[in-house]
Amino acid sequence: MNLFGLFRVALRALAINKLRSALTMLGIVIGVGAVIVMIAVGAGAQKRVEEQIRALGSNLLLVMSGARTQGGVRLALGSGQTLSEDDAIAINREIPEALAAPALRGGAQVVWGNANWSTQIYGTTPEYLEAREWPIAAGRGFEPSEVSGAGKVCLIGATVARQLFGSTDPIDQVIRIKRVPFTVIGVLETKGQSLMGTDQDDVIIVPIATARGRVLGSATQAKQRAVSTIWVKAAEGYDTKLVEEQVRALLRQRHRLQPGTDDDFSLRNLQEVMSAQEASSRVLALLLAAVASVSLLVGGIGIMNIMLVSVTERTREIGLRMAVGARTRDILGQFLVEAVTLSLIGGLIGVALGIGTSLAIGSWLGWRVALSPDAIGLAVAFAFVIGVFFGFYPARKAARLNPVEALRFE
Amino acid sequence: MLIEVRDLVKVYAMGETEVRALAGVSADIAQGEFIAVMGPSGSGKSTFMNLLGCLDRPTSGEYRLAGERVSELGPDRLAQVRNRQIGFVFQHFNLLARTPAVENVELPLVYAGLPKKERLEKAMRMLDRVGLGDRAHHHPAQLSGGQQQRVAIARALVTEPLLILADEPTGALDSHTSLEIMSLFRELNRQGMTVILVTHESDVARFAARVIRFLDGRILRDEAQLAA
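Sequences listed follow chains A and B, in order.
Numbering-wise, this note's numbering puts 60 at position 60 of the first sequence, and it's gapless, one number per residue.
Numbering-wise, this note's numbering puts 195 at position 195 of the second sequence, and it's gapless, one number per residue.
If you are wondering where the hints come from, they were derived from the structure by calculation, not from laboratory data.
Hints may contain errors.
[As the list claims (entries may be wrong)] Chain B stretches covered by chain A per the calculated footprint, using a threshold of three residues with CB under 8 Å from any CB of chain A:
1) 19 to 28
2) 46 to 58
3) 67 to 80
[What the hints assert, rightly or not] What follows is a set of in silico ranges between Cβ atoms, one per label pair, in the way DEER data are often shown:
4) B:Asp7 with A:Leu23: 30 to 36 Å
5) B:Asp203 with A:Leu297: 57 to 63 Å
6) B:Asp128 with A:Ala15: 40 to 46 Å
[What the hints assert, rightly or not] Within a straight-line C-alpha distance of at most 25 Å, the following computed SDA-like cross-link-like pairs (lysine to any residue) qualify:
7) A:Lys241 with A:Arg282
8) A:Lys18 with B:Leu96
9) A:Lys47 with A:Asp330
10) A:Lys18 with B:Asp134
11) B:Lys122 with B:Gly192
12) A:Lys47 with A:Gly333
13) A:Lys18 with B:Glu103
14) B:Lys117 with B:Asp134
15) A:Lys152 with A:Gly107
16) B:Lys116 with A:Thr357
17) A:Lys397 with B:Leu96
18) A:Lys152 with A:Pro96
19) B:Lys116 with A:Glu272
20) A:Lys397 with A:Asp330
21) B:Lys117 with A:Asn17
22) A:Lys18 with B:Arg213
23) A:Lys397 with B:Met14
24) A:Lys152 with A:Leu242
25) B:Lys122 with A:Lys18
26) A:Lys152 with A:Asp169
27) B:Lys122 with A:Phe4
28) B:Lys122 with A:Arg12
29) A:Lys241 with A:Arg132
30) A:Lys18 with A:Phe384
31) A:Lys18 with B:Met14
32) A:Lys18 with A:Phe392
33) B:Lys117 with A:Gly333
34) B:Lys122 with B:Leu184
35) B:Lys122 with A:Leu348
36) A:Lys18 with B:Ala141
37) A:Lys241 with A:Glu272
38) A:Lys397 with A:Thr357
39) A:Lys397 with B:Arg77
40) A:Lys397 with B:Arg57
The beta-carbon is built from N, C-alpha and C at its ideal position, and this holds for glycine as well.
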């Protein structure tokens, strides 16, 4: 009998006990559905992390000033003034694999014509954009003379450009940051959300000297060259861990910290923060994988169970088929195809369920999901393998029946 | 000779003890005979029929079907012999449930590997021959006992076998229907088909021209009679 004929016979046999067949498929349906959701969620998380890495810039370290103690009260990280521009210059000079950019940060109200907007002001050096791999979409970057001479020029993020200027071209327009006029020389490319979910494009970048002198003011920065953060990028191909240790050693030396004392700064490897995030989404995927494999296993056992019942119920039919000329392999094939039909139909329903659930998770929970045809193919192939694996024993049992006894079976 | 059987022995192991179901049976059956096999239960007549039908293999002895030593064949070759040369009719019809009559009839042709069109043609022709051409698409549950047995006979005939083996073909039918079925067998025999049937009832055995009686695994009597 050809495969199509076997398939038709299998469908007819399964249609006799529709409820039983449906219940038998359930394990496979849930298992395959879970596999698809698992891979969609896992791949979605992976994609999101990859995007964030791309948005943040790869191989980044973030050095923040240590906690300041004021009358016994410890203030937040970055509130102290333990880091200075000279630390950044020293890193650039001493560690060739590292590119450091000092940064001062503060909020300010900006005004252009009738429009105004409250945003973040970043005082930094041109190295910052290089470290963050942040290209300029329109206009130009800072000239060296503007950096050293505290020029009143600024680069604006995409969000600021939209909020202040709408459809007007911002280049060469003059905006006021805390009443100080600044010329917009460039607009940055869109970066999207940060790891913490803040809008990275809601920012204005000015030369660090300008920020200190004109905008963020010496009131908050008592020490002349103090900065709140230093961004460090390890050159491509270097281990960020190694660069991290070098930066730590250099800063401890410059700050004259005795061995055994705490750092007066905090050094974070952003790569590791993101790996940790990726790991947590991987845990979720693993959990689903466990559910899926248990469900597929139980589903497979269910198929085996029902096929064994079916072989017993249809012993006389098997005897008759043998009497009219079915060979061992015909009977084996018939019951194997029946088991595979069960598992494949279950698998296809599972695929539909998995796609539906993935899309639902995507739209209701707002999770990033990525359906892949590979994963769907894999799940269906898996259902097929389960059908063959768990269907084989009952099918062999049927094929090995003695025709005389099978015909006489009551 | 269509069938030559020499010293056929069949021994079953029933736990510790051995049961000698056939204790040396020899017989010759010619093409076109109509034979009734009779005997009390446990006499070995069913074992004899199973061996003739190639459903089982003898412990010792020889069985030639149309000159071929089928007692030496392996399971797959035996399946082929059953498929091409033997037609079976059972007491309880053994039709596939929820399957139209025509598909029941074509089942042996499926295993013979015939294409669908040819199978359907032959199956329809056989149903016509047993008088059920108009019921081809009825399921067994929609047919009477006699009609079901006619479908089973059509199924036995569809491969144009050398002989038909019928195991108590009227055992599940009322006397009127039994008569109809037996008349059908007689008609087939008159057209040249070799028919061997097992029966308890002497009314049924009357149709045969030769009666073989079994007792304790041996042939008790093998005699010709004037068929009804």
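Right, here's what the structure says about each hint:
1. Counting residues of the stretch 19 to 28 of chain B whose C-beta lies closer than 8 Å to any C-beta of chain A gives 0; at least three are required, and the coverage claim is violated.
2. Here the stretch 46 to 58 of chain B counts 4 residues with a CB under 8 Å from a CB of chain A, which clears the bar of 3, and the coverage holds.
3. As drawn, the stretch 67 to 80 of chain B meets chain A at 4 residues by the rule of a beta-carbon pair under 8 Å; at three or more, the given contact holds.
4. The hinted range of 30 to 36 Å is not satisfied by aspartate 7 (chain B) and leucine 23 (chain A), whose Cβ atoms lie roughly 55 Å apart.
5. Evaluation of the 57 to 63 Å hint for aspartate 203 (chain B) and leucine 297 (chain A) yields a pass: the beta carbon distance comes to about 59 Å.
6. Between aspartate 128 (chain B) and alanine 15 (chain A) the beta carbons are some 29 Å apart, a value that contradicts the proposed interval 40 to 46 Å.
7. Only pairs whose Cα atoms come within 25 Å are accepted, and lysine 241 (chain A) paired with arginine 282 (chain A) is accepted, the gap being roughly 23 Å.
8. This hinted pair checks out: lysine 18 (chain A) and leucine 96 (chain B) have alpha carbons roughly 18 Å apart, not beyond 25 Å.
9. For the suggested pair lysine 47 (chain A) and aspartate 330 (chain A), the alpha carbons sit about 48 Å apart, so the restraint of at most 25 Å is broken.
10. Taking the CA atoms of lysine 18 (chain A) and aspartate 134 (chain B), the gap is about 30 Å. The hint is violated against a cut of 25 Å.
11. Of the pairs offered as hints, the one joining lysine 122 (chain B) and glycine 192 (chain B) holds, with about 19 Å between alpha carbons and a cut-off of 25 Å not exceeded.
12. For the hint pairing lysine 47 (chain A) with glycine 333 (chain A), the CA-to-CA distance comes to about 43 Å; that exceeds 25 Å, so the pair is violated.
13. Simply put, lysine 18 (chain A) and glutamate 103 (chain B) have alpha-carbon atoms about 22 Å apart, close enough for the 25 Å limit, and the pair holds.
14. For a cut-off of 25 Å, the pair hint linking lysine 117 (chain B) to aspartate 134 (chain B) stands: about 19 Å separates their Cα positions.
15. With a C-alpha separation of about 17 Å, the suggested pairing of lysine 152 (chain A) with glycine 107 (chain A) holds against the 25 Å cut-off.
16. For the hint pairing lysine 116 (chain B) with threonine 357 (chain A), the CA-to-CA distance comes to about 43 Å; that exceeds 25 Å, so the pair is violated.
17. With a CA separation close to 20 Å, the supplied pair lysine 397 (chain A) and leucine 96 (chain B) stays within the 25 Å bound.
18. Among the hinted pairs, lysine 152 (chain A) with proline 96 (chain A) is inconsistent with the structure: their alpha-carbon atoms are about 31 Å apart, more than 25 Å.
19. About 66 Å separates the Cα atoms of lysine 116 (chain B) and glutamate 272 (chain A), which puts this hinted pair outside 25 Å; it is violated.
20. Between lysine 397 (chain A) and aspartate 330 (chain A) the alpha-carbon distance is near 13 Å, which keeps this suggested pair within the 25 Å criterion.
21. Distance hint between lysine 117 (chain B) and asparagine 17 (chain A) is unfulfilled; the C-alpha atoms sit about 30 Å from each other, more than 25 Å.
22. Between lysine 18 (chain A) and arginine 213 (chain B), the direct Cα distance comes to roughly 49 Å. Violation of the 25 Å bound is thereby established for this hinted pair.
23. Proximity of lysine 397 (chain A) to methionine 14 (chain B) is assessed by CA-CA distance (about 21 Å); at most 25 Å being required, the pair is judged to hold.
24. Proposed proximity of lysine 152 (chain A) and leucine 242 (chain A) is contradicted: the alpha carbons are some 38 Å apart, above 25 Å.
25. Annotation: proposed proximity of lysine 122 (chain B) to lysine 18 (chain A) is violated, straight-line Cα distance about 33 Å (limit 25 Å).
26. The hinted pair formed by lysine 152 (chain A) and aspartate 169 (chain A) meets the criterion: a straight-line CA distance of about 19 Å does not exceed 25 Å.
27. Using a Cα cut-off of 25 Å, the hinted pair lysine 122 (chain B) and phenylalanine 4 (chain A) holds, with the two alpha carbons roughly 21 Å apart.
28. Proximity of lysine 122 (chain B) to arginine 12 (chain A) is assessed by CA-CA distance (about 23 Å); at most 25 Å being required, the pair is judged to hold.
29. With a CA separation close to 18 Å, the supplied pair lysine 241 (chain A) and arginine 132 (chain A) stays within the 25 Å bound.
30. Our distance criterion of 25 Å between C-alpha atoms is met by lysine 18 (chain A) and phenylalanine 384 (chain A), whose separation comes to about 20 Å.
31. Our distance criterion of 25 Å between C-alpha atoms is broken by lysine 18 (chain A) and methionine 14 (chain B), whose separation comes to about 40 Å.
32. Our distance criterion of 25 Å between C-alpha atoms is met by lysine 18 (chain A) and phenylalanine 392 (chain A), whose separation comes to about 22 Å.
33. Restraint check for lysine 117 (chain B) and glycine 333 (chain A): the C-alpha separation of about 23 Å stays at or below 25 Å, so the hint holds.
34. With a C-alpha separation of about 19 Å, the suggested pairing of lysine 122 (chain B) with leucine 184 (chain B) holds against the 25 Å cut-off.
35. Of the supplied pair hints, the one linking lysine 122 (chain B) and leucine 348 (chain A) is violated, its CA atoms being roughly 38 Å apart against a limit of 25 Å.
36. Using a Cα cut-off of 25 Å, the hinted pair lysine 18 (chain A) and alanine 141 (chain B) holds, with the two alpha carbons roughly 19 Å apart.
37. Between the alpha carbons of lysine 241 (chain A) and glutamate 272 (chain A) the distance comes to roughly 9 Å, so the proposed pair stays at or under 25 Å and holds.
38. Under the criterion of a C-alpha separation no larger than 25 Å, the hint pairing lysine 397 (chain A) with threonine 357 (chain A) is inconsistent with the structure, at around 38 Å.
39. For the hint linking lysine 397 (chain A) to arginine 77 (chain B), the alpha-carbon distance of about 20 Å falls within 25 Å, and the restraint holds.
40. A threshold of 25 Å between alpha carbons decides the hint, and for lysine 397 (chain A) with arginine 57 (chain B) the separation of about 20 Å falls inside it, so the pair holds.
In this structure, the earlier hints numbered 1, 4, 6, 9, 10, 12, 16, 18, 19, 21, 22, 24, 25, 31, 35 and 38 are contradicted, and the remaining ones agree with it.
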